[in-house]
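For the protein sequence lines, the chains are A and B, in the order given. Going left to right, the first sequence walks through residues 63 to 338 as our numbering numbers them. Going left to right, the second sequence walks through residues 47 to 211 as our numbering numbers them.
Check each hint, because a few of them may be wrong.
Said to hold, decoys possible - Computed footprint of chain B on chain A; a stretch qualifies when at least three of its residues, placed anywhere within it, have a C-beta under 8 Å from a C-beta of chain B: (1) 80-91; (2) 113-126; (3) 284-298; (4) 310-321.
It should be emphasised that the hints constitute simulated quantities derived from the structure, not laboratory data. Cβ atoms here follow ideal geometry from the backbone N, Cα and C, with glycine treated the same way.
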Amino acid sequence: MNLNANQGSMEGISNAWLGFWLPLGLICITIGFSLTDRKDFRQRLIGLTLLLAITMLVLYGIETSGSDASEIALLAVLFDMTPPVSLMAIGALVATFSGPSPVGQLPRGLRPMGFLLAISGLIWIGWMLVEDPPGARSDGIGEKIWATWVLVFLSCIVITSTVSAAFCVMMGEKRNREALAMSSLALIGGGIFIRIMGQGSTDLSTLGWHDIYWDQIPFIIGGIAGSTFGVMGFIWLVYIAEKRAPDPDVVAPLTLEEKARVRELLEKNLTIKEEG
Amino acid sequence: MMAAEDQGPWWRIIAVMIILIFIGMNLIVWQYSGGANFSEILDDLMMGFILAFGITTLVLLMVSVGSIHRHMHWREQIVGLVLFSALGISLSSWLYEGDMGSTDNAIYEIRLGGAMLFNALTAVLAASGLVLGLLLALITGRHHTNDELLELESTQGDVSLQIPE
Chain A
63 MNLNANQGSM EGISNAWLGF WLPLGLICIT IGFSLTDRKD FRQRLIGLTL
113 LLAITMLVLY GIETSGSDAS EIALLAVLFD MTPPVSLMAI GALVATFSGP
163 SPVGQLPRGL RPMGFLLAIS GLIWIGWMLV EDPPGARSDG IGEKIWATWV
213 LVFLSCIVIT STVSAAFCVM MGEKRNREAL AMSSLALIGG GIFIRIMGQG
263 STDLSTLGWH DIYWDQIPFI IGGIAGSTFG VMGFIWLVYI AEKRAPDPDV
313 VAPLTLEEKA RVRELLEKNL TIKEEG
Chain B
47 MMAAEDQGPW WRIIAVMIIL IFIGMNLIVW QYSGGANFSE ILDDLMMGFI
97 LAFGITTLVL LMVSVGSIHR HMHWREQIVG LVLFSALGIS LSSWLYEGDM
147 GSTDNAIYEI RLGGAMLFNA LTAVLAASGL VLGLLLALIT GRHHTNDELL
197 ELESTQGDVS LQIPE
């Protein structure tokens, strides 16, 4: 076994371009593959490219564990956030499908458990703010990425739950209970936000939270606008391409043979009852 | 009748509400932090805009390349996306290089900015998923009287037509 060759390949995977950004690019191409026709050969490559991308990301994570690169800090934060976010997602699904759902109905008794799981996920994130964070999130770039995640998450919770509550009041028919639940969620999110801005958290002072807020939130708001503009640019390109496309050729009328076949099919599948 | 029809255009109220919440949150942080540097905020907004534009068009380019097919007008789409992504990423690289003084530092900042945007995307998806998931669970929990149309059985395509004279 050639150990040097193995070591060389591992050094390659610890490069962020190869170990992090290339797999993300592969995932984008895989999404493209999934949009092709069912009979297209690329449909068979979806599993392979996805598996390759995930393997590269995992190897990169293992190889660079403990380093202070932004990509590894991001992976560490996402890894830490996966359990509470999964809990929230599973809880919401269980609560939805254990209600009067027309498809895939679960036992009714699971409904309170679904809500409990979803709220537990939120409480878990709140608890992560008051306990000492692990190394990857405790200082440097990891701390910055973690704090930004929390600020964006809380801001988004406040905005979406307030908007949802408003929708329940304006669009729904006597949806006061739902509006109240959404308002409570907005208040919880807002309360956590005000607390960390006013008193800081276990590992990060108020000054740190304020710095990260003023540095990163404008960058992300600009990013949201830039992404929207990029998508609009894409729509414009597709529109231009369709507009420039030549008119489709005039389709020749049916031949006598084709007409007879159509008539035969119609008579076979439809029973026409004439009145009178 | 839908409640929305009675209360005028709903989107104005929602838009005003989002803006008010956004201003309120900024005022809270402003109050606690004792102010902020406006020119830096504008710089960050612009850098985020340009970098996200470049990255989004690059992502759309890769998805388009992955899904290319013979009926697609690929020239406009692919060439346009290549130009957009090259414009966005090279402009951010040029601006960062002006700030940081070297290409290596500019590349580091682009990597950090890309990671930060991806980070924010996951946070937005998690928060929206939680709120909308709970909303869906709450809304679908209500019992309704049976709809008679849903009780009808399919004829499996066996139909007869009556054509009036």
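Tested hints:
1. For the region 80-91 of chain A, the proposed coverage by chain B is satisfied: 5 residues have a C-beta within less than 8 Å of a C-beta in that chain, meeting the threshold of three.
2. Here the region 113-126 of chain A counts 0 residues with a CB under 8 Å from a CB of chain B, which misses the bar of 3, and the coverage is violated.
3. Beta-carbon proximity to chain B at under 8 Å applies to 11 residues in the region 284-298 of chain A; the threshold of 3 is reached and the given coverage holds.
4. Against chain B, the region 310-321 of chain A contributes 0 residues with a C-beta closer than 8 Å to a partner C-beta. That does not satisfy the three-residue criterion, and the hint is violated.
Taken one by one, the earlier hints fail for this structure at numbers 2 and 4, listed in ascending order.
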